[in-house]
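Participant: One letter stands for each residue in the lines below.
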Amino acid sequence: MNTKHVFLCFVLAAALTAGAAAGRPSEDFKLVEDLTIGGPDKDELFLWTAVSVDADGNIYFADALDCSVKKFDPAGRFLKKAGRKGRGPGEFEKAVGVAVAGETVYAWDVYGRTVQVFDRELVFQRTLTMPGTVGAFDVFPDGRLAVAVRASIGLPAIFILSPDGTKSRVISLADPKDPSRIDTVGLVADPAGGFTLGYLFSDRIERRTENGDLIWTKTPIGGRPVEPENVQGLRVPSQTCVLSLARDVRGRIYVLGGNKAVHPGRDVFIFSPDGIIVGAFCLPEPSHSVYFDRQDRLYVSADGGVTMKRYRLVPRSAERASVR
Amino acid sequence: MQSIKAFLAAFLAAAAVSGLPAAAGESFPGGRFALVLIDVDSLSCSPCSAPLETLCRAVPPSVQEERIIGILTYQDGRTPDPKRAGIVRTKWTGYSRAGGIRIRASVDEAHVFNRMNGEGITVLLLDPSAGIIKRWAPPFPPGAVEAIVRFLLARESPIMEADPCFR
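First to last, the protein sequences are chains P and A. All the letters of the first sequence, read from the start, carry residue numbers 1 to 324 under this note's numbering. All the letters of the second sequence, read from the start, carry residue numbers 1 to 167 under this note's numbering.
Among the clues, some could well be false.
Claimed, not checked - Computed cross-link-like contacts, EDC-like style, restricted to lysine to aspartate or glutamate with a CA-CA straight-line distance of at most 20 Å:
1. P:K42 / A:D81
2. P:K85 / A:E53
3. P:K42 / P:E91
4. A:K83 / P:D175
5. P:K42 / A:E53
6. A:K83 / P:E285
Said to hold, decoys possible - Beyond 12 Å from chain P on every Cβ pair, some chain A residues (computed):
7. C45
8. A58
9. V149
Think of the hints as simulated: they come from the structure by calculation, not from any bench. Cβ atoms here follow ideal geometry from the backbone N, Cα and C, with glycine treated the same way.
Put together the whole structure using the sequences plus the hints.
Facilitator: In C-alpha cells:
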C-alpha cells in the first residue's frame, strides 16, 4: 500500500470515527492478509468474478476469461478446473458467478439463462433453466435458490426456486414511480429466510422478507442521487454505488462501494442485521467483490482480477486492547 | 508512413516477439502480416470481444501464429509498469487459451498504440513495401473478414488492386 493509500485510509477512518456520534460507523478494522491465490504472470486466475467456499474450506472461483470454474484447496493449491468456452452443458461464455451449497456447486454465465450445476469435485451434474438472465444468485440453507432474474433492461425480479429450479415465488422489484428505471442488484440470502439486496446504480441496500416485504432500506454511500447520462438516446446511470454484498456468520452485511464512494472499489460499509451501520474499512486496492467464508475471512480481488487476497478482520479496538 | 514504419519496427524489435514476419528494421521482410491492437479490458466484455473471436474463427490457426501480431493495449497508466504488464499478459493467456486463439501477442507497455486503438480491437494490415495499407475497427463491414483472410493467405501476390475491400 503506497503512502497515498495509507493517507486516504486514514482520512476515511478518521471521518468514520468522527461520524460515530451522528449514527455513522462506530468501528473500523485492520486487515490481516493470510492467503493469496493467483497473481500477475501466474496461470491460475485470469479474471475471477466470483468466489465461494465449501464446508471444508475449499475455494471455488468463476473465471470469466477462461470460461471455467476452478477449485483450490484451503491452502490455496489448485485442485481442478471445469467448464470450457461454449453454450452447452457445463460450458460458459463468461463465467460470472459461483455458489457452493452443501455438495453442490452452482455456476452461471453473463447474460445466461441457465445455471450449471456441478458436484464438489466439479463433475458436471445438470443444467437449470432460468426464467431470464441471471444477475445474482444465492442459496438458502434448505437448498432453495434465490435468483435475481432480468427479463428486460429494467429492474430484475427475485425468483425463489426449489433446488430443481421449480418456481415457488416471484418478487417484483419494479418501481411504480419510475417504471423505466434501469438497475441491477446483488443479493445475499438470509439463513432465517428473506434476503438483502444492493443496487448497482442506486445508493440503496434493502432487506426483505421471503415474501418480498420491505424490512428496512439504507443509503450506504451517502444518499446523493446518481446522475444519468445520455447514451444513444437512452438515459442510463453513469456511476456505480453498490458493487457487491456479502454476509458474515453473524448476519452482518458488508457493502462494497462503487465509483460513487470516496474510494471506489475499496470502501466497505458494515451493517448489522437490523440495518444499523456498525463499522467500515478501506481495502488496500480496488476489488470488484467481497465475500466471507464460514470463518469470517474476507475474500477480495486484486490486480484487476488476476489475484484473490484473503484477510482476517481485526477490530482496531481489539488491537488497541491487546497492545495495552 | 515512414515514421509509422520506423515506429512499428522499433516496437516489434523491443517487444521481442520471436519468429514474426517483421523482425526488425524499417522494412518488413517476410511477407504481409496483420497487427491486431487489442484493448485488454474489452476481453471481459462479450460484445466488445466478439469481433476478435469472429476474426480468429475465420483465420486458420497456423496463419494466426505466423502472420498476425497481437498488441495488447490498456488505458490506465502513462509509464511502463511491469506489474500491470504482467496482469495484461495473464489475462491474454487465459482468454486466448480458452478461445483456442493462436495469435502471439505482446503488451504495449509504452502505450504507443493507445491513440490508434479505441475500446475493442483495431486491425492493421501491413505490407513490407507499402507499410499500413488498411485499417479496420469493428463493426467490420461486409466482406472485411474475408478480405483480411485473403490478404494474409496471399502473401506476396498483388491482390490489393483487384480487391474492392482495399480501395
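Participant: None of the hints should be skipped; say for each whether it holds.
Facilitator: Structure-based check of each hint:
| no. | hint | in the structure |
| --- | --- | --- |
| 1 | P:K42 / A:D81 | holds, 17 Å |
| 2 | P:K85 / A:E53 | holds, 12 Å |
| 3 | P:K42 / P:E91 | violated, 23 Å |
| 4 | A:K83 / P:D175 | violated, 44 Å |
| 5 | P:K42 / A:E53 | violated, 24 Å |
| 6 | A:K83 / P:E285 | holds, 14 Å |
| 7 | C45 | violated, 8 Å |
| 8 | A58 | holds, 17 Å |
| 9 | V149 | holds, 22 Å |
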